[in-house]
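Q: These protein sequence lines map, in sequence, to chains A and B.
Everything in the first sequence is counted per the UniProt record's numbering, starting at 1 for the first residue and increasing by one.
Everything in the second sequence is counted per the UniProt record's numbering, starting at 1 for the first residue and increasing by one.
No wet-lab data here; the hints were simulated from the structure.
Where is the CB? At the ideal position from N, CA and C, for every residue including glycine.
One thing to keep in mind: the hints can contain errors.
As the list claims (entries may be wrong) - Straight-line distance between alpha carbons at most 25 angstroms, and here's what the computed DSS-like set of lysine-lysine pairs gives: (1) 323/B with 286/A; (2) 45/A with 94/A; (3) 20/B with 323/A; (4) 252/B with 20/A; (5) 109/A with 252/A; (6) 142/A with 20/B; (7) 286/B with 20/A.
Stated by the list, open to error - Footprint (simulated), chain B over chain A, 3 or more residues, beta carbon under 8 angstroms: (8) 28-38; (9) 138-147; (10) 196-204; (11) 319-325.
There are 2 protein chains.
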Amino acid sequence: MNAIHIALLGMGTVGTGVVKILASNAHNIEQKVGAPVIVKKILVKNPDKVRNVKTEAELVTNFDEILNDPEIMIVAEVMGGETPSKDYMLAALKAGKHVVTANKDVVAKYGRELFAAAEAHHTDLLFEASVGGGIPIIRPLKQCLAANQITEIMGIVNGTTNYMLTKMTKEKMDYADVLAEAQAKGYAESDPTADVGGFDAARKLAILASIGFGARVTLEDVHVEGITNIAIEDIEYARELGFIIKLLAIAKQDERGINVRVHPAFLPMSHPLAAVSDVFNAIFVKGDAVGETMFYGRGAGEMPTASAVTADIIDVARDIRHKVSSRILCTCFEQKPVYPVSKTESPYYIRLLVEDKPGVLAAIAGAFGAQQVSLHSVIQKRKVERSTELVLITYRVTDENIRLAMNTLLGMSVVSKIGNVIRVEAAEIS
Amino acid sequence: MNAIHIALLGMGTVGTGVVKILASNAHNIEQKVGAPVIVKKILVKNPDKVRNVKTEAELVTNFDEILNDPEIMIVAEVMGGETPSKDYMLAALKAGKHVVTANKDVVAKYGRELFAAAEAHHTDLLFEASVGGGIPIIRPLKQCLAANQITEIMGIVNGTTNYMLTKMTKEKMDYADVLAEAQAKGYAESDPTADVGGFDAARKLAILASIGFGARVTLEDVHVEGITNIAIEDIEYARELGFIIKLLAIAKQDERGINVRVHPAFLPMSHPLAAVSDVFNAIFVKGDAVGETMFYGRGAGEMPTASAVTADIIDVARDIRHKVSSRILCTCFEQKPVYPVSKTESPYYIRLLVEDKPGVLAAIAGAFGAQQVSLHSVIQKRKVERSTELVLITYRVTDENIRLAMNTLLGMSVVSKIGNVIRVEAAEIS
Numbered sequence: 001m002n003a004i005h006i007a008l009l010g011m012g013t014v015g016t017g018v019v020k021i022l023a024s025n026a027h028n029i030e031q032k033v034g035a036p037v038i039v040k041k042i043l044v045k046n047p048d049k050v051r052n053v054k055t056e057a058e059l060v061t062n063f064d065e066i067l068n069d070p071e072i073m074i075v076a077e078v079m080g081g082e083t084p085s086k087d088y089m090l091a092a093l094k095a096g097k098h099v100v101t102a103n104k105d106v107v108a109k110y111g112r113e114l115f116a117a118a119e120a121h122h123t124d125l126l127f128e129a130s131v132g133g134g135i136p137i138i139r140p141l142k143q144c145l146a147a148n149q150i151t152e153i154m155g156i157v158n159g160t161t162n163y164m165l166t167k168m169t170k171e172k173m174d175y176a177d178v179l180a181e182a183q184a185k186g187y188a189e190s191d192p193t194a195d196v197g198g199f200d201a202a203r204k205l206a207i208l209a210s211i212g213f214g215a216r217v218t219l220e221d222v223h224v225e226g227i228t229n230i231a232i233e234d235i236e237y238a239r240e241l242g243f244i245i246k247l248l249a250i251a252k253q254d255e256r257g258i259n260v261r262v263h264p265a266f267l268p269m270s271h272p273l274a275a276v277s278d279v280f281n282a283i284f285v286k287g288d289a290v291g292e293t294m295f296y297g298r299g300a301g302e303m304p305t306a307s308a309v310t311a312d313i314i315d316v317a318r319d320i321r322h323k324v325s326s327r328i329l330c331t332c333f334e335q336k337p338v339y340p341v342s343k344t345e346s347p348y349y350i351r352l353l354v355e356d357k358p359g360v361l362a363a364i365a366g367a368f369g370a371q372q373v374s375l376h377s378v379i380q381k382r383k384v385e386r387s388t389e390l391v392l393i394t395y396r397v398t399d400e401n402i403r404l405a406m407n408t409l410l411g412m413s414v415v416s417k418i419g420n421v422i423r424v425e426a427a428e429i430s
Numbered sequence: 001m002n003a004i005h006i007a008l009l010g011m012g013t014v015g016t017g018v019v020k021i022l023a024s025n026a027h028n029i030e031q032k033v034g035a036p037v038i039v040k041k042i043l044v045k046n047p048d049k050v051r052n053v054k055t056e057a058e059l060v061t062n063f064d065e066i067l068n069d070p071e072i073m074i075v076a077e078v079m080g081g082e083t084p085s086k087d088y089m090l091a092a093l094k095a096g097k098h099v100v101t102a103n104k105d106v107v108a109k110y111g112r113e114l115f116a117a118a119e120a121h122h123t124d125l126l127f128e129a130s131v132g133g134g135i136p137i138i139r140p141l142k143q144c145l146a147a148n149q150i151t152e153i154m155g156i157v158n159g160t161t162n163y164m165l166t167k168m169t170k171e172k173m174d175y176a177d178v179l180a181e182a183q184a185k186g187y188a189e190s191d192p193t194a195d196v197g198g199f200d201a202a203r204k205l206a207i208l209a210s211i212g213f214g215a216r217v218t219l220e221d222v223h224v225e226g227i228t229n230i231a232i233e234d235i236e237y238a239r240e241l242g243f244i245i246k247l248l249a250i251a252k253q254d255e256r257g258i259n260v261r262v263h264p265a266f267l268p269m270s271h272p273l274a275a276v277s278d279v280f281n282a283i284f285v286k287g288d289a290v291g292e293t294m295f296y297g298r299g300a301g302e303m304p305t306a307s308a309v310t311a312d313i314i315d316v317a318r319d320i321r322h323k324v325s326s327r328i329l330c331t332c333f334e335q336k337p338v339y340p341v342s343k344t345e346s347p348y349y350i351r352l353l354v355e356d357k358p359g360v361l362a363a364i365a366g367a368f369g370a371q372q373v374s375l376h377s378v379i380q381k382r383k384v385e386r387s388t389e390l391v392l393i394t395y396r397v398t399d400e401n402i403r404l405a406m407n408t409l410l411g412m413s414v415v416s417k418i419g420n421v422i423r424v425e426a427a428e429i430s
């Protein structure tokens, strides 16, 4: 069969990885597809830039040269960003070209519009690389677990923050030092907000929840807290209690609807996600039939992400060979209510600085009790000048009630400071 | 669109699970497929038997009633065993019906013949449930990781033995007691050979290696050792050295070809597979682009296995809706040599009982040295009557040389007994 010609939009890290894989595994891929897969054109900003990979593809600076080339059947978007990526993808779909993308921002924000265009123009739109880098998760959710009602997705989906929390845990480094090191190593951006603020994880969670629950979930639905105020004390106290702190992206579905949130959490050391260290990512999925499953691997980086993009290219090429398209597009068939984080329940870890004098504990316990918050344990930690640091673990309680209790505490003269308030996940405190 | 009618061969544990899922998630599945999926007929031995699930399907005792029913487009084989399962599957494929199976024995042994029939008759043949129960692994290997040259697959793919080893590790129970308990709980068969002897894992490994390496690997190619001679001492000494003992199914590919083996192994506690406990399974896969990935979940049981079978049914139904078939069949395009276990290399753990007298250590070290086996450490453990138990860890060495050294030791009068010889995997001893 004739070669299948493709174009790449962008030749940065991921694009370069795709070129490398298509060259080094060409024979293998040709066998799987039943035809060679050739990169014909690559959209770049500067065709004269020195590249660290050789390619026979034509480097073009005008997208129209790709759009109007009838031989190009697949467009792989690996340039990132929302603009002009989304417009290029939409134009390619409308021109009847299949689209593969690694772009979580565009998929999370414009998924509905892009899938509609793919369906209308009988094309494929695949995005395995948009969540979890090289980890197979989109296809497993859409196909392998298709028989399940998914009840919960819990992921470590941001490598930067997982690297930072791992460093803080293993080397007892504090947040500022770890951030500086991550930036020096290139793991964190000079403006690290998207990562440390939890927004990157939130976009990925919106995609995972939409697929898992069969209902569109947007970034706006996700409650987001970052890791910026995690102190070394929190990590140490977690360890003493048998927990590890991870930035979790959590989606749950119950009779109330869907809840989606990204925040740091205490996770029991025995949980499969607890062992996911450094830049590794993992997504834990619960289904009514399959029970607990987990998908683990490298969530970012040139070759892992390129692995997922190229897998999508191979899959589309197989579809082209078999003259089929749009086998599996948008699976958001339903509309489901999203309930706010204030109505979610979990045990909580609370670190307080209080005055070191008789009667303080009774006053604090009373303040919690008034908001229906039952305390499982109260542990006195170190003295800080004339105050004492307390670590409290609550029983299961709503987020709303914890906030009310915190407001009461803030108004009490014996409370010097609320050090931190962190949810405890995947553990029953009893 | 008209309903898609299917038939089940067998209504045991897995078949019952499939009936339950198709009923309870019917709405969800109909949306994904674009048509209802109806179980029209089920092949059973005894139609009058009381079942713990309701079905409107017709229970038939003669396979021809399914084979000759033109309305039935998908046959899901969930009866197990080689005969008559394989004949029924082959007949169904030849009649143009799509086949889904959970049968590792038949896929491992007759895969080539079945895939050829599927290709010739333009049908699908899916078998996600044959390895790892509910864990998505076949599709991830065939599709999501399709861009990779897979270099290594290492799995915990037998739940019975993993449950037993977990019990031995956590509760310090010995092998015989754990086996008796596993049999009482129904986790182990009354004849446990297939599980504890490693043969179940070997069949699954043959399937995984065939897909991962793109070359047919058969059960005969797999070197198999079971867990029957793992002693509580081995588990305890492993723990002291920072390891855990797991029954591993290992497939490696290098310039010499393919090596496939199932045996107990020392695994570092920090390895992602080390935390896979009880009846859980996990498959660790290394690809040249993606790096390390892992797939975790329940490797057996009614609902997890039924989850995978039903996912395959949904996928075939999607193909029927899109008038496509045989998109992805056999991917064993190449022939690759299999090299014997004697040529594989790893560090080894060796437990010996030796006479407690001067000069013994020098004699033993000399015997190892004569076979090019370098010892990393020798630790004296407890005294047993007038002997001493020694634990040795070697540097990386071929299996062949270890066997030669063991033969020499057996001939030495100071060596009372070779307690055990276990490979150390995924660790460099230095």
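Q: Each hint: holds or not?
A: Now the hints, each set against the structure:
no.: 1; hint: 323/B with 286/A; result: violated, 32 angstroms
no.: 2; hint: 45/A with 94/A; result: holds, 24 angstroms
no.: 3; hint: 20/B with 323/A; result: violated, 34 angstroms
no.: 4; hint: 252/B with 20/A; result: holds, 23 angstroms
no.: 5; hint: 109/A with 252/A; result: holds, 20 angstroms
no.: 6; hint: 142/A with 20/B; result: holds, 20 angstroms
no.: 7; hint: 286/B with 20/A; result: holds, 18 angstroms
no.: 8; hint: 28-38; result: holds (count 4)
no.: 9; hint: 138-147; result: holds (count 7)
no.: 10; hint: 196-204; result: violated (count 0)
no.: 11; hint: 319-325; result: holds (count 4)
Violated hints for the displayed structure, listed by number in ascending order: 1, 3, 10.
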